[in-house]
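Participant: The primary structure of each chain is shown beneath.
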Amino acid sequence: MIREVLAPFVAGLLFALGLGLSQMTRPEVVRSFLAFEDPSLALVMLGAIAVHLGPTWWGLRRGRALTDRLHLPTATRLDGRLILGSVLFGAGWGLAAYCPGPALVATFAGSGQGAVLVLGLLLGMGAVNAWDAMSTSDHLPAQDLAANPE
Amino acid sequence: MNLYEPLAGGALIGLAASLLWVVSGRIAGISGIVGQLLARDADGRRWRWSFLGGLALGGALLGWLDPSRVAPLPDTDLATVLVAGVLVGVGTRLANGCTSGHGVCGIPRGSTRSGVSTGLYIGVGMLVTAWLGGAR
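From first to last, the protein sequence lines stand for chains X and A.
Residues in the first sequence are numbered consecutively from 1, following my numbering.
Residues in the second sequence are numbered consecutively from 1, following my numbering.
One or more hints might be untrue.
Stretch by stretch, here's where chain A covers chain X in the computed footprint (C-beta under 8 Å, at least three residues) [said to hold, decoys possible]:
1. 4–10
2. 14–20
3. 66–80
4. 93–102
Quick list of the computed label-pair ranges, beta carbon to beta carbon [said to hold, decoys possible]:
5. 77(A) to 70(X): 35 to 45 Å
6. 131(A) to 42(X): 20 to 30 Å
7. 135(X) to 43(A): 14 to 24 Å
8. 133(A) to 70(X): 36 to 46 Å
9. 68(A) to 36(X): 22 to 32 Å
10. 80(X) to 43(A): 20 to 30 Å
11. 66(A) to 135(X): 38 to 48 Å
12. 37(X) to 68(A): 12 to 22 Å
13. 68(A) to 130(X): 20 to 30 Å
14. 130(X) to 80(A): 21 to 31 Å
15. 68(A) to 134(X): 37 to 47 Å
16. 78(X) to 45(A): 23 to 33 Å
17. 76(X) to 79(A): 35 to 45 Å
18. 42(X) to 112(A): 17 to 27 Å
With the C-beta cut set under 8 Å, the calculated list includes, among others, these residues of chain A facing chain X [as the list claims (entries may be wrong)]:
19. 9
20. 25
21. 26
22. 67
23. 73
24. 86
25. 87
26. 88
27. 89
28. 92
29. 103
30. 134
Since the hints were derived computationally from the structure, they do not count as laboratory data.
Just so it is clear, the structure is predicted and the values come from calculations on it, not from any experiment.
The C-beta atom is built at its ideal place from N, Cα and C for all residues, glycine as well.
The following block holds chain X by itself, in its conformation from the complex (with noise of 0.2 Å):
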């Protein structure tokens, strides 16, 4: 209950807030930082990794969360699909300045503009999605998930 509810929700929450307190639910204002006109923003990220870096620390030292494993990504090397997939991600950041949790959190928030984000989201993943069950390579995606690993 605490590990598979409790804990992931207040979780998403307090995400949800931090993004909308940051401005990243603003794409004029994630505009501004991609155009070097306002580097604020780099603060949200930087702000974030220095709160999240004792945690994480702590978690792979002890080898194990409070309720459950540490689920960590297997891949370690850098491929052309990782590649790809960032400069991808980079240019659809650039056109509409939507990254995945802002647009959805908008979304939520009742942006229409959000919404029209994270519907071509669904479709672009559910597209690699596909692609990855029909490929029979060596690209089980259950074993190629580097940031969010199963």
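Dock chain A against the given chain X, drawing on the hints supplied.
Facilitator: Then chain A, alone, in the frame of chain X:
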């Protein structure tokens, strides 16, 4: 330029990621959470739906308290936004992470993949923004 809000917002995001990691051993990567829910055969659905539920409540609260914080991009047609969404969806799925999974979670862990990915998507994002004519 307001420095307090990005810093406090970032700290709140870091707190959220830390809670999920310390209690449940999971990485707060938004694209992975959504992408894995779309892949029907994946396990670990319950915590992902719970996280999205919290995200939805937070978004609804935000829209209720201060809708100006989700103000859309002006002068941008919906076709462009849809194309951007597809690029973000395909890209984050291929790269196995986005700003949260690679940036907020991967970098503190010292992941080379996350560092390279974050440098690339921010760099390409800046190039495309410049190509569009900057902030306008």
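Participant: Compare the structure with each hint and give your call.
Facilitator: Hints versus structure:
no. : hint                        : in the structure
1   : 4–10                        : holds (count 7)
2   : 14–20                       : holds (count 7)
3   : 66–80                       : holds (count 12)
4   : 93–102                      : holds (count 9)
5   : 77(A) to 70(X): 35 to 45 Å  : 44 Å, holds
6   : 131(A) to 42(X): 20 to 30 Å : 21 Å, holds
7   : 135(X) to 43(A): 14 to 24 Å : 20 Å, holds
8   : 133(A) to 70(X): 36 to 46 Å : 44 Å, holds
9   : 68(A) to 36(X): 22 to 32 Å  : 24 Å, holds
10  : 80(X) to 43(A): 20 to 30 Å  : 28 Å, holds
11  : 66(A) to 135(X): 38 to 48 Å : 44 Å, holds
12  : 37(X) to 68(A): 12 to 22 Å  : 19 Å, holds
13  : 68(A) to 130(X): 20 to 30 Å : 38 Å, violated
14  : 130(X) to 80(A): 21 to 31 Å : 24 Å, holds
15  : 68(A) to 134(X): 37 to 47 Å : 44 Å, holds
16  : 78(X) to 45(A): 23 to 33 Å  : 30 Å, holds
17  : 76(X) to 79(A): 35 to 45 Å  : 39 Å, holds
18  : 42(X) to 112(A): 17 to 27 Å : 21 Å, holds
19  : 9                           : 2 Å, holds
20  : 25                          : 3 Å, holds
21  : 26                          : 5 Å, holds
22  : 67                          : 7 Å, holds
23  : 73                          : 4 Å, holds
24  : 86                          : 4 Å, holds
25  : 87                          : 3 Å, holds
26  : 88                          : 4 Å, holds
27  : 89                          : 2 Å, holds
28  : 92                          : 5 Å, holds
29  : 103                         : 5 Å, holds
30  : 134                         : 4 Å, holds
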